[in-house]
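Protein chains in written order, with our numbering: chain Z, 1 to 312; chain A, 313 to 597.
No lab work stands behind these hints, which were simulated from the structure alone. Note that the structure is a prediction, hence the values are computed from the model and not measured. Errors might be hidden in some of the hints.
Here are the simulated SDA-like cross-link-like pairs (lysine to any residue), alpha carbons at most 20 Å apart as the crow flies [to be verified]:
#1 Lys62/Z - Arg588/A
#2 Lys62/Z - Arg416/A
#3 Lys136/Z - Gly404/A
#4 Lys55/Z - Arg416/A
#5 Lys71/Z - Asp591/A
#6 Lys133/Z - Arg330/A
#7 Lys60/Z - Asp591/A
#8 Lys218/Z - Gly168/Z
#9 Lys130/Z - Asp591/A
#10 Lys18/Z - Ala334/A
#11 Lys108/Z - Pro318/A
#12 Lys71/Z - Arg330/A
#13 Lys71/Z - Leu584/A
#14 Lys130/Z - Pro318/A
#15 Lys55/Z - Asp67/Z
#16 Lys71/Z - Val421/A
#17 Lys115/Z - Lys130/Z
#18 Lys133/Z - Pro318/A
#19 Lys133/Z - Ala334/A
#20 Lys70/Z - Ala569/A
#21 Lys70/Z - Ser415/A
#22 Lys336/A - Thr90/Z
Residues of chain A clear of chain Z, computed beta-carbon distances all greater than 10 Å [as the list claims (entries may be wrong)]:
#23 Gly404
#24 Leu409
#25 Lys412
#26 Val414
#27 Val509
#28 Phe552
#29 Val577
Every residue, glycine too, gets a C-beta built ideally from N, C-alpha and C.
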Amino acid sequence: MSATPIEFLGAVKQYGSKKIGPVDFSVEKGQILGFLGPNGSGKTTCIRMLLGLSKPSDGKVKLRGYDPIKKHVEALTGVGYSSELPNIQTFLTPREVTELAAAEIGLKSPGEEVKRVLNETGIIQYADTKVGKLSKGMVQRLSVAQAMIGNPSVMVLDEPMIGLDPAGTAHLREVLRAFAKDGGTILMSSHMMSEVEDLCSTVAFIHSGKLLFRGTPKEMVEKMLGGNTVRIEARGLTPPLVESIKGLAGVVGVEEIPGGLSINVRPGVEVRPALAKMIANSGSELLTMAEGERMLEKAYIEALKSGGAKAD
Amino acid sequence: MAVPRPTRIAAFAAYEVRRALARKKVIAIAAFTVILVTAPYFILSTLGPSDVPASLFPFVWVVGAIAPFNLFIQLIGILIAAGAMSEEYEAGTAELLLSKPVSRTEFFVGKYLGGYFLLAVMITLDVGLSIVSASLTYGPQMGLETVPGLLVVEILASALFYSVAFTLGELVRRSSLAYILASAFVVSSQFIGTFLVIAYEITGKALYQTIHVYLPTTVAGSIPTQFEQPLLPSTAGRVFSLILGPSAGVPSQATAAAIVAAYFVVAMAISLGYFRWADVSRRVN
């Protein structure tokens, strides 16, 4: 596939007086893009335009290089979609749902493929139970399973982690990571910032129908919080050492957290080598050091607080 | 526009049959059909065997095969058709099904044919039960060689209200509203027909007769009778007059067929056109 897998080219959707867009961004092959924004910001509308379920009022959307409205079959070939509320037929079993998906994409002998996706998503043991009798988490897994039928090259996932237990979340994370590693492209909307941080190489932030930010999670954190954060876990931290860290060039703030420190750093400044050296020289014991981790949620909340102004 | 692929259409048709059967409404109506078609034969033969002239015994199957067609079968068709598209929107499943590499035409045609197939099965069930019940209660039945033709004719004639209900389901995208509108269409046509017959009987004005002749219920309802009556001996004529009741006339077979075809074409053009043009509705929460 040579075309850019996902492209929004000034796409606009007008619902009466409400306007979503113009939205401009693309997702390249092998990327996992986290599509962020509060409820009602326009994420699902954008996803619906991408899948050819809703026509843009203006601008264009391209999926695998094709217009998903005019060339729906071509655009959607090799694309899997899992919806926000798994809208799955309750009278079918997971096996039947995936078989139907296989029939839709034209698989002639879907038996092995159905087994594979049900197995990979961990619901093979419920293959013949009616969807209506499954837990929310299992239905969510099934939604992802039917999206994976036929080894798609692009997956569009609307809140894929909702309803999953921690084991299910971890399992799905691995499935998606493996998918991207094999060259698959994912657009994933989510409110779970920790998952976005863990999985996504890029994020796009939409607010009140406007796309306000597109970049890496680290760039979003730097933009929203005015810098980056380095978290350390250490034993034997002393007040003089903390004061010395505060004095390091580029450090704008230090916050004590259980077992360590959260250090705010100016954008583009690398403090980790100096920090490690300083801790070692003080006789304290550095256990872990991570940059920018778990800060996306703060950045996201900051972006919401500013009504998107900071992200703009 | 890409050419619709038969395998995808067949997959959607099979899915629609499964979906319609999963709804308890359709199962209930099937059970009701069994009772409605069989019970009168057994009750009548037990309570008043002498009420039916012996000369009509071999043709009583015709009553159950044709009489329910005008209203009951049409209502079954509406029940199946009105929800075919609208219930997919309400459940949000249309989004999932149409997010695959399938064309909207394939989805639309598959859904239409799946429901129509189910209606054809119900019509066959109705006719089959009539023959079995009549045979068990009034002895061997005659003219059964006409049954395949009658089935084809009834199935084709049922396309009128089925198509209208299917279209209403697509346009309003709310199943309950679509059922109400489609049922109102049938029942209104039936009522208006009755009033027009009365008006014609009283006044003798040809206008009332003309309007009556072209009413959808008159058109659809007249086709099976017009097909079957000439094929049976004249002794069976009384059975038909019982089925038809008072009438201000019916269109010719060719006209009736043309009107059914016209309803079908217009309804399909509107609903397919709208379905291909409009956004896929989001789930109703």
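_Flag every earlier hint the structure violates by its number, smallest first._
8, 9, 10, 12, 14, 18, 20, 23, 24, 25 and 26
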